[in-house]
Structures are given as structure tokens and as C-alpha cells.
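A.B. asks: These are the residues of each chain, in order.
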Amino acid sequence: MSNGRPNQIFRNLNAKVAAIPMIATASVVFVGGTVWTVYYSFTSSKLLPKAKFVGLDQYERLWSTNRWLVSIENLFIYGVFSLIFSLVIGFLLAALLDQKIRFENTFRTIFLYPFALSFIVTGLVWQWILNPDFGVQQVVRDLGWTSFTFDPLYNAEIVIYGVLIAGLWQGTGLIMCLMLAGLRGIDEDIWKAARVDGIPMWKTYLFIIIPMMRPVFITTLVIIASGIVRVYDLIVAQTSGGPGIASEVPAKYVYDAMFLKQNLGQGFAGSTMMLLSVLIVLIPWAYLEFGGKKHG
Amino acid sequence: MVEAVAGPAGPRPVRALSRRNIILYGTLIVIAIYYILPLYVMVVTSLKGMPEIRLGNIFSPPVEVTFQPWVKAWAQACTGLNCDGLSRGFWNSVVITVPSVVLSIVIASVNGYALANWRFRGANIFFTILIFGAFIPYQVMIYPLVIILREIGLYGKLPGLVLVHTIFGMPILTLLFRNYFTSIPEELFKAARVDGAGFWGIYFKIMLPMSLPIFVVAMILQITGIWNDFLFGVIYTKPEAYPMTVQLNNIVKSVQGVQEYNVNMAATILTGLVPLIVYFVSGKLFVRGIAAGAVKG
Amino acid sequence: MASVSVKNLDLSFGSVKVLQNLNLEIEKGEFLVLLGSSGCGKSTLLNCIAGLLDVTGGQIFINEKNVTWNEPKDRDIGMVFQSYALYPQMTVEGNLSFGLKNARMPRGEIAQRIQRAAKILHIEPLLKRKPAQLSGGQRQRVAIGRALVRDVDVFLFDEPLSNLDAKLRAELRVEIKRLHQTLQDNTMIYVTHDQIEAMTLADRIAIMRGGAIQQLADPHTIYNKPVNKYVAGFIGSPGINFLDGNAIEGATPSFDAQGIVIPMDRYAFAQTPQPKPAVFGIRPEHVLHGDAAVGQAFSQQVAVDVIEPMGSDTLIWSKLGPQDFRFRVDGQADLSVGDQVLIGFDPANASAFDAQSELRL
Chain A
1 MSNGRPNQIF RNLNAKVAAI PMIATASVVF VGGTVWTVYY SFTSSKLLPK AKFVGLDQYE
61 RLWSTNRWLV SIENLFIYGV FSLIFSLVIG FLLAALLDQK IRFENTFRTI FLYPFALSFI
121 VTGLVWQWIL NPDFGVQQVV RDLGWTSFTF DPLYNAEIVI YGVLIAGLWQ GTGLIMCLML
181 AGLRGIDEDI WKAARVDGIP MWKTYLFIII PMMRPVFITT LVIIASGIVR VYDLIVAQTS
241 GGPGIASEVP AKYVYDAMFL KQNLGQGFAG STMMLLSVLI VLIPWAYLEF GGKKHG
Chain B
1 MVEAVAGPAG PRPVRALSRR NIILYGTLIV IAIYYILPLY VMVVTSLKGM PEIRLGNIFS
61 PPVEVTFQPW VKAWAQACTG LNCDGLSRGF WNSVVITVPS VVLSIVIASV NGYALANWRF
121 RGANIFFTIL IFGAFIPYQV MIYPLVIILR EIGLYGKLPG LVLVHTIFGM PILTLLFRNY
181 FTSIPEELFK AARVDGAGFW GIYFKIMLPM SLPIFVVAMI LQITGIWNDF LFGVIYTKPE
241 AYPMTVQLNN IVKSVQGVQE YNVNMAATIL TGLVPLIVYF VSGKLFVRGI AAGAVKG
Chain C
1 MASVSVKNLD LSFGSVKVLQ NLNLEIEKGE FLVLLGSSGC GKSTLLNCIA GLLDVTGGQI
61 FINEKNVTWN EPKDRDIGMV FQSYALYPQM TVEGNLSFGL KNARMPRGEI AQRIQRAAKI
121 LHIEPLLKRK PAQLSGGQRQ RVAIGRALVR DVDVFLFDEP LSNLDAKLRA ELRVEIKRLH
181 QTLQDNTMIY VTHDQIEAMT LADRIAIMRG GAIQQLADPH TIYNKPVNKY VAGFIGSPGI
241 NFLDGNAIEG ATPSFDAQGI VIPMDRYAFA QTPQPKPAVF GIRPEHVLHG DAAVGQAFSQ
301 QVAVDVIEPM GSDTLIWSKL GPQDFRFRVD GQADLSVGDQ VLIGFDPANA SAFDAQSELR
361 L
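Protein chains in written order, with the working numbering: chain A, 1 to 296; chain B, 1 to 297; chain C, 1 to 361.
Simulated from the structure, these hints should not be mistaken for lab results. Treat the hints loosely; a few may be bogus.
What the hints assert, rightly or not - Capping the alpha-carbon separation at 25 Å, the derived lysine to any residue pairs in SDA-like fashion look like this:
1) B:Lys-205 <-> B:Ala-123
2) B:Lys-284 <-> A:Ile-223
3) A:Lys-203 <-> C:Gly-94
It should be emphasised that the depicted structure is a prediction, and the values quoted were computed from it without experimental measurement.
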């Protein structure tokens, strides 16, 4: 060995070259893009980004815009119900499929196929099914209940629940799959022990299995939550934000501000708020998931 | 043979119609019907003529089956800009999806391999950022990407969109490949190194042949994901290059003339067809893909 | 009085027959070990007795009561699992009491039973801890405790020590033996693939293979008088020597191990010997060497091929005729490769099997 230690930079050079796309994406797009957007959310950018600082003006405007407030309220309602129903329905479906039933694959295929469809397709189908003149409402009226009213897509009060129905139809299959994988991961001896102890099945689920599946629930929760903040396509297809602005969501507000209204500053401020809401979920999770391991 | 004593013997008597089974299968069937219904309504509606739709009920099967709506949706439906149907969007989506799937998988697999087997200093920092990036709302990053693409002359062009799909597919795919390559016994990798194989030699001769299933999983994930994309398509392409989802939305939302629900539904099915076929054909691999996609780093 | 009896038990999964026409009688207070390699049906049998698997045919009695159709909780059994199967989010106390609370037992009684079990198992200081804070050995004690508080007559152990390291396994083995001595009246059925555990713990061992019991006997008999070649080969470490050859009828019966003739007049034949292909088995520890070998019914000079020192004793590999032959010498014996040694043994200690049926001759 004449030169002794080889130069550090050239060690694993091929691996470093192979990682360039990742390094570029992570640093330029993810970190750079995020920092850039947050930075320009403090400017008065309109048609083009301009580094003219106006402090928190954009945020003040944002929080005094009715449409944004409606968007936040919708996101909140949609988020809370979506979380609760996804977890409950997803777990129940998984528990039902876990009963050593026949045709398990058929049922699973049926519950999961909506997840393969895009939000655009989902939104349009449910728009059609919830159409008051031809859809469910009319079918029930034709059966004799002539005063039956169920037109969520035309009623500003409940439109977000109409979207929720479609969203749950599309997404619960995924949650079921994750829950089922979690259930299958539980040591079979636990079930046997509970049977020998004479614990009824529902009690076993409630007091033993669900607490054991805590990590699965948390991961699922993070996945659902980060999906909720992004809800955009579904709204565009199913309601276009209507009636009026009754079903607007932050993602749509941001898109419209950036690309339709030439109001970049508002778009940046809105997206920064979205980022903030995700971080509120993400940081405690990351802390629990990865920070905790050092102690255990 | 020991003499059997009177009393219970053999398997526990099970009644096929026990209360438990009725509740269990009853619930499952009712829920299954709820999940199938939208697909059924789509198909049924697309096969009816408009007069029948106006008079009948959305759940009733067509009295007179017509394929006219399908023909119209494919070749004649108007988007406001032109009237050559969804076929244009279909081919646009094909042209977008194929290179995006190939490029994203090639980059992510090599990257995952580098992370799994050739750990170098700093790799984990970037990987962590990448995974966190998967949860960041796209809205924060779309405008800076517009600027980047404009600077390199790809904004509004097909290669630009391919690049965007590659970037946003990277976190999940890299995770997928990294985890898979980590599960391959390290001795194999060490043995190949002792035998003198280098970075690319090991990748092509050892890792690739062993990882076909995970490539299929990645392909399923990407084909459905990119085909179903709406947001990036609408932002990073021009109207004549819009993917199928965007065009579908424009057809349905087009306000010219009377709403033709049967054509809308035919167009909707056509758009959903590719991912549905991928889903039904791939079966268990699809489940594996989404499960792998959802696991933590 | 039979504590557990299994009559004509069949179990199949679809077309795969796991257990076939199995019969077993276990006395009250007996410690029975089901021993076999993986896939022999030993755990399946235990699960059938516990009621965790539905049988395909036959009957199971516990305390003379037909429990074939009963739920596990109604069978008067307690069970201990290989993976402990403790409820992870409950304290030790919670684990012990959960089943009892569920059966609506009065609080005082529950506390009393937990106290007793904790005392027997020396886990009193651990009651407030969670399973994650316990070592493997402590966890298994708690798992045994969970069976103990149920105050049942029959304990079922499904490979309870297999997840522990060798040292802990030896310690807990003794604990379980003590436990059985303390609880004289309790029947224990214990599944394992470890022959040492089986030999040390069992009153009787049932060696299983392919869903059937090969031999059911006390450890001494199993070791000395294996009923067939499989049992002879399965029990004993280092394994028994098998020599292929022929049984010879003559003035005195003998065995021709490919040119080496072993006189068999001292061997207790199970049936009148007939000339036919057979297998001769002798355990390495029954082979004497040097001066001790002089005067044995069979003796022979052999050359040392390989030496395997194991501490307390040393295993020597050599050849008897063309066939491998191992014998055990003292750990301090001074032998080197190539040495000529005189070995000998008493065929009364040996076992001979029919080459075809593999049954004991």
C-alpha cells in the first residue's frame, strides 16, 4: 500500500453517484421547496414571486377570508369523521375477515377495489349516486316515501358528509388491509391463552388485541391524517367546492390562489398552514416511533 | 381399537346456519353489496339510453342495452376545447405513465440498493428527509417545482411531468426497495464482494435476479398511482397533453348542452379500467404493495 | 383413575391426516412427556386435549368426563405456551387475574390464589411489573402462574422452555420438576423436542412420529429397550451406533456385521431369532475399552480415526469392519489418532432390529 488510506470522497463512489437523485430530491425539492414556499409566504407576491416582505400580512388576510375559514372547518369535520370511521370500519372489517371465514379473498378483493380507483372516478360515481333527481333520493321516493330528502351535494349544510361517504368508500379498504396485517401479526398463542382463560372473543379484542395493535393504529392514523390534508381531487370531481363555497378545502384554496387567481402569496401562506397542520401530527408520531427506541 | 364410550365423539357438531354464521356472513354480504354498488351503478348507467335514465331508477338493469355511450365517451365527447373523446387522454396517460414508471423504478431501485448495501456517511440523513417528504403536503412544493421546471425548460412538457412523478414516487419506492434489499442475506453480498464484483456487478448479477417480485409490486404501485394522478397532470402539462383523469373531469364538468349521464359513466369506467385491471390481475401483490407502502421506515 | 384419556383420536386438516387412531391413558398425578421432532403431531395432540383444535374423530376424557365437545375453559386445564403468550399491556397481577375476574370469582379468592401461585413460583416481587420488564425466565414463570391460579387438575405445557437459552432452560427444568413434586395431584402433559427435558422430567415418555405414538414407557425403558430403530436413534446423545448386517441362527445366535461376528447368546430376544437382514445397535457409553474390554462377550482391536473431546468425556470415532463406530472414553484418556485400542461390550446392553420392519428383535 503506497498511498495509505484512500480518499474518503472516493470511497463507495458508485453508491454516492447512485444516491444523487435521492440527495437532490430530498435537499432541493423537499427541503429547498418547503423553505422557499415558507419564505415567500411572508411576501406580497401576486402573479410572480417577489421578495417584497410584508410580514404576517398574508396570514392575516388568510385568516380573515371566509373561504379559507370554511375550508378549515370542512377539513376539520372531514378529518375527524374520516379518522374515526376509517379506523372503526377498517378494524371491524379486518376483524370480520379474521374469523377464518370462507371466501376471505373474495371479500377482501371487494372491499379493497375502490382503493385502486382515482379520487376523480370516486367523486364522479358518488356524484351520480347522490344526484337528487336520479340517485338514491329519487329511488327511495319512488318506493313510496315521497318526502324523503337526501341530497348532500346540493345542501351546503351537509355537503361535506356527502364527500365523506365517497372518501370512506374509497379508503377504508386500505385501512382494513393494514389492520388485517396487524391482526395476523399477533401471536396465535395469545388467542389460545385467552380461550383457555375463558375470555369471550369481544373482550379479547377489546382488552388484549387492540392494545397490542397500538403501533398499527398509530401508523394508520398518520397515513390517514396525511391523506386527509391533501384531499383535493375528490372535491374537484364531486362538488367543485360547491354549492357555493360550502365544500372548499385548503388544498383547493391553495391551488386556486396559485394557478387561477394569480395570488401566489395567499397560496404560499395557505400551503404553509397545511404544512403546519401535518407537522402537528407528524412530529409527535416520529418522536414516539423513532425517538422512543433509544430508551427501549 | 379402544372401545368408544357413549357420549360426544368426533368433531363438535357445527350447524352451517348457526346464529354466529348468519350474523357474520350477513354483515359481510351487506357491506360487500355497499362496496360493489357504485361499480354496478356505473356499468348499468353506461349501458342505458338517456330516455331510460330519465324515467328509470339508477339501480335497475338496462332494458335496452346500448354501447353508444361507450363509443361516444371514447371518441366524441367534448371537453370544451375539442370533441375527440377520452381516447386522447388515454394515450396521453399511456405516454406519461410508461416512462414515469420505468424511470422512477430504475432510480429508486438503484438508490434503495445503495442505501441497503453500501451505507455511506450522510445517507441516512437524506433518507430520513425523503421519508418525511412523503408526508409533506404537495401544495408546499408544487410552486417551487414549477420554477425549477421552467428554468430547465421542461415546464408544460411531458419530460417535466415524468420528472415530477419520479420525484414524488421516490420516497415510497426507495423505502420499498431498501427494505427488500435489506432482507436479502448480507452474506450473499459479502461473498460477491470477496469474489471481486463491484457496485453495478452485484446489482445486475445478484440483486436484480432475486428481486423480480418487488419490481412487480413497485410497478403495480406506480402504474395505479400515476394513472390516477390528477393534481400533477393539471399543473405540469398543457391542455392538449392532459392525462385521462383531467380530461374525464373536464368532459363531465363541460357545461355545453345537456348532461349525458350515460356517457359520463362510460367515460368514468374507461378511466378506472386500467387500475382496476391491474388490481384484479395482480391480486395479492397489490395488497403486498400497499402494505409495504404503508409500513414505517 | 385415569386423569386424561384419549380414545381413537383422529385429526385431519383437509386430506392431511395429522393424528390417526391415537390412544393414550394418563394417570392422575403423572408427568407425561410427548417427545418427537417437529411435525410429528405432538403439539397437535396437546391442542386437541386442550380443546383448541376440533378433533375429526374419537373422544377425549378428562377426570372421567367426556370433554370432546367442551370449550377449553370448561375442561379443567391450564396451559403454558412456548411464546409465553402473556397479555403485554397488563401487569403480572393483571395477567394472573384476568381469566378469574372474567369468571366472576370473588375478589378475595382471586387475591388468595394469586398469592399462592406467586409464592410457589417466586414471582411475588414482580406482580406490579409488565411482561416487557421481565426476563424470559420470569415471563415463563408468570405464564405457568396463569395456569396455576386456575386451580385445575391438568397442566398442559407446549414447549415451554424452547425460547430460553441453554442455561435458563436447565434452571427452569428443575423448577418445573419441583413444581410437579409440590403439586402431587396434578397431571402434567408436556410437549418438547428436547430429549434431555423428556428424560429428566417424565414419569412416562410418549415418543411420537408421523402422528402415531411409537413407544410409551418410562425413561429407563425407552433408553434401554427401544421398541424400534427410530426410537433407538432418537434417544441418546451422542447417538447410538447402528451396524448393518445379518442375524445368524446357529448353535448360538449371533450377528454378522459385514464380516465381524457378534455373539448374541446374552441378548434377550423378543422373538425367536431367525436368519434375516438386521440392524445391531449399541450405545457409545456401553462400549468399554482397554483393560475393561478384556473378557467382554465381544471384543475387538480398532484404530482411532477422529477424537472429539467434550470435556467430561471424549468421543472416539473408529471403524468396526467397514462401518463407523463411536465409543465414549474418559475425558482425561490419553489417545491419539492412529492408536490401536481394544474395545468390547456386552450384547445384553445392545438392541437389535429387523432391517425391514425396524422393530426390535
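A.B. asks: Which hints, by number, does the structure contradict?
C.D. replies: Structure breaks no hint.
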